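Can you make the complete structure from the sequences, with help from the hints?
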Amino acid sequence: MTNIIYTKDLVKYFPVKSGLFGRKIGDVKAVDRVTISVRKEETLGLVGESGCGKTTLAKTLIRLYKPDAGQIFFDPEGKIPDTPLIQSHDGILEIAKIEGAKLRSLRRFMQIVYQNPTTSLNPRMLVKDIVAEPLIVQGICKGAEAEARVLEILEKVGLGREHLYRYPHEFSGGQKQRIAIARALITNPSFVILDEPTSSVDVSVRASLLELFKEMQKKMNLTYLFISHDLSIIEAISDRIAVMYLGKVVELAETKEIFNNPLHPYTQALFSAIPVPDPESKRKRILLPGEPPSPVNPPIGCRFHPRCLYAMEICKQVEPKLVEVRPKHLVACHLY
Amino acid sequence: MSNKPLSLEEQLKVNDLTVRFYTYEGIVKAVEKASLKIRKGETLGIVGETGSGKSVTALTILALTPSPGRVEDGNILFRKRDSSVIDILRMNEHQLLQIRGKEISMIFQEPNAALDPVCKVGEQITEAILAHRLREMVEKSIEVIKKEKDNEYDLWTRLETWTYKEMLNNPSDVRLKIIQKIPIIRDITKRRLRQVIRQEIVELLKLMEIPDPGRVIDAYPHELSGGMQQRIVIAIALACSPLLLIADEPTTNLDVTVQAQILDLINRLKEKFGSSIIYITHDMGVVAEISDRVAVMYAGSVVEVAPVKELFRNPLHPYTKGLLESIPRPGSPLKSIPGTVPNLVDPPSGCRFHPRCAYMMNKCKEIMPRLVKVSEDHYVACLLYEGESDD
Amino acid sequence: MIRWIKIEESPRLKETKFILNRIRENPLSLVGLAIVISFAVIAIFAHILAPPPPGRDPYIIPRAGYFPEPQPPSPEHAFGTTQGQYDLYYGIIWGTRAAYRIGVLVVAMSAFIGIAVGSLAGYYKGVIDEVLMRLTDIILAFPSLILAMALVVAFGPGLDSITLALILVGWPGYARLVRGEFLRISAEDFVEAAKTIGCSNLRIIIRHILPNAIFPLLVYASLDIGSIILVAAALSFLGLGPPEGYADWGQLISLSRNWITGTAANPFAYWHVYTIPGVFLFLFVMGWNLLGDALRDVLDPMLRRR
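Chains as they are written, first to last, in my numbering: chain A, 413 to 748; chain B, 1327 to 1717; chain C, 39 to 344.
Don't read these hints as lab results, they were simulated from the structure. For clarity, every value in this text was computed on a predicted model and none was experimentally measured. Just to be clear, a hint being listed does not mean it is correct.
With a straight-line cut-off of 25 Å between C-alpha atoms, the simulated SDA-like cross-links for lysine to any residue are [claimed, not checked]: (1) A:K568 - C:D227; (2) B:K1661 - A:G572; (3) B:K1661 - A:D690; (4) A:K733 - A:P493; (5) A:K733 - A:A723; (6) B:K1532 - B:Y1546; (7) B:K1647 - A:G585; (8) B:K1406 - B:L1332; (9) C:K233 - C:R245; (10) A:K514 - C:D227; (11) B:K1635 - A:D690; (12) A:K509 - C:V165; (13) A:K509 - C:G236; (14) A:K429 - A:K491; (15) C:K163 - A:E666; (16) B:K1596 - A:P689; (17) A:K429 - A:K471; (18) A:K540 - C:F253; (19) A:K436 - C:V169; (20) B:K1596 - B:H1458; (21) C:K55 - A:T530; (22) A:K471 - C:N304; (23) A:K471 - A:K491; (24) B:K1532 - A:L721; (25) A:K626 - A:E489; (26) B:K1661 - A:F671; (27) A:K452 - A:S430; (28) C:K233 - A:L576; (29) B:K1598 - B:M1463; (30) A:K509 - A:T530; (31) A:K568 - A:E627; (32) B:K1366 - B:Y1546; (33) B:K1661 - A:L721.
Structure, rendered in structure tokens:
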């Protein structure tokens, strides 16, 4: 199995400034030494509560943010081996530090669909121009050829010719999201980040969007990183799932495995906290004490220990590493 | 459900409520002939998508229809604490003040917006208590003074006792009013009242499972986390043990682990206070956990009402079926309802769901179905079930 | 034929119709629009309304003799004459054209500079923002009329100096406004989305942010034209304007300065010399202000609707 993107010890901090002269008083440790890989043509689900850094991790992966440390290897062909690399070779690029035109030319291979299509589409541009823009900017084609490709992708996502000359505000939430998907997919990318793409869409059309994602993945050989806090959606769409807590990946395993056998105490609590749409389920809920601490001053040792039901002495001092405790099941916890 | 009076076990009944918004783009028919009832001590979940009219209905129950909305038709019958039945839509503003907060209170989605940012948490809860429970608090203060016998001849204590008695018996007394205007005297003569209220707040915050209530009382809202803020909002809402609590998506903006805590809290508080709860949400999972009965709303109408287990086991309305099927379940194919939520300026004729309905018949385009009883406690507004039984 | 259908349902046309509809529903804005348009008609048809004597600069008002006392309206001089026998009617008509020239030129130029400075500051933030905004702060720190006066004195009196001075004084307001809009808009997802498809910064600024910042700019500009004309008139009144005899409202008012009190027998003997240019100036400024207010009402809810 080869990977499309691989990152080693990725770090992204946001400075916290305060006072009259904007003196730096600390860092929001949004992503703190994360090592993760996304396999070719898989859907990796990324779950976690708000503020755990899942969106930051995703945006750093496609270099919307510049990482503070660490490496990101990216290969549109998806030929990165599982073994760690040191530098760019064989078309596998180390993209953590590239800038300018070189970065811009890579953009056609990695795309993102945002949570809220109302804000992610320019309200003063026509649908035709929004969807065609990646083609023009990337210099792929323009004019009539671009229009033909726009029409082709719009039809694939379930829209048509009659929608070309309209502004985004004339569409419903689900349709807007389809426009955003069309824009993301028109350059034939290989890696697409879906940042809670269904959470601002009405419940009744949510499933049709998920269906669309699956269909496009098959047709265009896409690799997804799917961010969500809705576990039922993650479970329905993902091949593997990574759980994040306070800037760290605490557990990573295949979907079935992690749902049947969650190992990290946080994963267990998180999964049990999700309301189940079945009034007759007799599930025991694990109620976590307190709330997630601020990522400016995360707890020392294991970041979860102040809320953990199984916290031990060692948890307060040593930060656990992400290790494989069962086949293809990685956990960062001292219990294992 | 026609225009029937309130039966004894019922707390609130909404009959044929119609609310319209007069906007620039046209008349938004936000709520159309919606009918609901809530029994004493039960939790009614209202589910619906954006634009289903669930929030407008809830706000109208408090006679707080957002502008430019106007109630066109219908009535809202509510049984007060003294068992008298009133129609909320026909109350004047002064009568409403007696009901809001005391008999019916509300929790909003955004705790940030519900709390005053420049007021300490304690002051905000005090305000809620003073608005409706002043008498009870004053009586308690007199009790406190009676217990401290040795202060019998202290001038200040006597003045304080006198103040409290005047407040109870003759609140419009001129001397009392003068005393209340003098800054230092005012504070001294209410010393024990303040202590009693503070004690009450601490008790209330403990009930909300807030750790360290003493610190939280003197905190400003922004110093607290979202979950804590929502607990304060709930505390304010429950300060007067209302008969009916309306919760409009109170956990939507919270993290799931915190949402679990709040849901758990609401469930336990309900048992303690015995209030009826209207819980509005779009999350079928939350509904399944918290409700006794569920009302499903679509495009301004109530389309199905049933006990929660019955609804999940045996959904009748095609929309409810679609909604339940659209919940992703591993292993089963994803389903969704075709089409989109209609524009309420120009809603579909007849049954508003007919353009998206798989069982659409010709008459659905013309007749707006009414809620009919199909089995015990299970009502549905769909022409498929029309004529099976009429309530 | 196909083209035709497209125009029919063109969204831009629909939007324009929507704006026009809103303006139509607000009576005050209609008044403002009517005033501004009628002044524009006067300015455009100045040649026909007050034909200039051949072979001379049309902005120079023809005079009927050198008699100092203003003459009341008469068949030859519809609005009467000013001190020194300048024809008031001719001065008003050509003064309208001069006012439009100053107003439009100053607003266009200061908006252009303001957009350039404001968008750089608001988009790149950081050091560029600090430097550019402190520069605008320096200009904003002076009372604008005094600064404009000083600049005109430095450049030498005249209408061109006034225009230049007003541009130099006026652009910081636009820069501030544009910077604020840029800060707000560049935080929106669609700007980041533009980055993810590989748009260059210039393209993001021009294609994505600027079109979304244009409405507040439009409102500000239309309110600004009125006040610019007022300041220009004030400068001209103070003697910093064009040489005597130039068709300029400020100067016409300035020419009436000695005659406001009238004669001992009739205090309103020379009413026309100050009333007529004053009323025109007032109407012009009020028209633009009403239009600006109306635009704000019309465009704001539309932004909210999105």
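Structure-based check of all given hints:
1. A:K568 - C:D227: holds, 24 Å
2. B:K1661 - A:G572: holds, 22 Å
3. B:K1661 - A:D690: At roughly 17 Å apart (the allowed maximum being 25 Å), D690 of chain A and K1661 of chain B satisfy the hint.
4. A:K733 - A:P493: Distance ~22 Å between K733 of chain A and P493 of chain A Cα, so the pair holds.
5. A:K733 - A:A723: holds, 16 Å
6. B:K1532 - B:Y1546: holds, 18 Å
7. B:K1647 - A:G585: holds, 22 Å
8. B:K1406 - B:L1332: holds, 11 Å
9. C:K233 - C:R245: holds, 12 Å
10. A:K514 - C:D227: holds, 23 Å
11. B:K1635 - A:D690: Roughly 8 Å separates the two Cα atoms, so the pair holds.
12. A:K509 - C:V165: The given pair, whose Cα atoms are some 22 Å apart, holds under the 25 Å limit.
13. A:K509 - C:G236: Since the Cα atoms of K509 of chain A and G236 of chain C sit roughly 16 Å apart, the hinted pair holds (cutoff 25 Å).
14. A:K429 - A:K491: violated, 41 Å
15. C:K163 - A:E666: Violated, at roughly 43 Å.
16. B:K1596 - A:P689: holds, 21 Å
17. A:K429 - A:K471: OK: K429 of chain A and K471 of chain A at ~22 Å, within 25 Å.
18. A:K540 - C:F253: Since the Cα atoms of K540 of chain A and F253 of chain C sit roughly 23 Å apart, the hinted pair holds (cutoff 25 Å).
19. A:K436 - C:V169: holds, 20 Å
20. B:K1596 - B:H1458: Judged against 25 Å, a Cα distance of about 20 Å means the pair holds.
21. C:K55 - A:T530: holds, 23 Å
22. A:K471 - C:N304: violated, 80 Å
23. A:K471 - A:K491: OK: K471 of chain A and K491 of chain A at ~22 Å, within 25 Å.
24. B:K1532 - A:L721: holds, 22 Å
25. A:K626 - A:E489: holds, 20 Å
26. B:K1661 - A:F671: Holds, at roughly 22 Å.
27. A:K452 - A:S430: violated, 43 Å
28. C:K233 - A:L576: holds, 23 Å
29. B:K1598 - B:M1463: The hint holds at about 21 Å.
30. A:K509 - A:T530: Judged against 25 Å, a Cα distance of about 32 Å means the pair is violated.
31. A:K568 - A:E627: holds, 9 Å
32. B:K1366 - B:Y1546: violated, 35 Å
33. B:K1661 - A:L721: Cα-Cα ~38 Å, so violated.
Hint compliance for this structure: hints 14, 15, 22, 27, 30, 32 and 33 are broken, all remaining hints hold.
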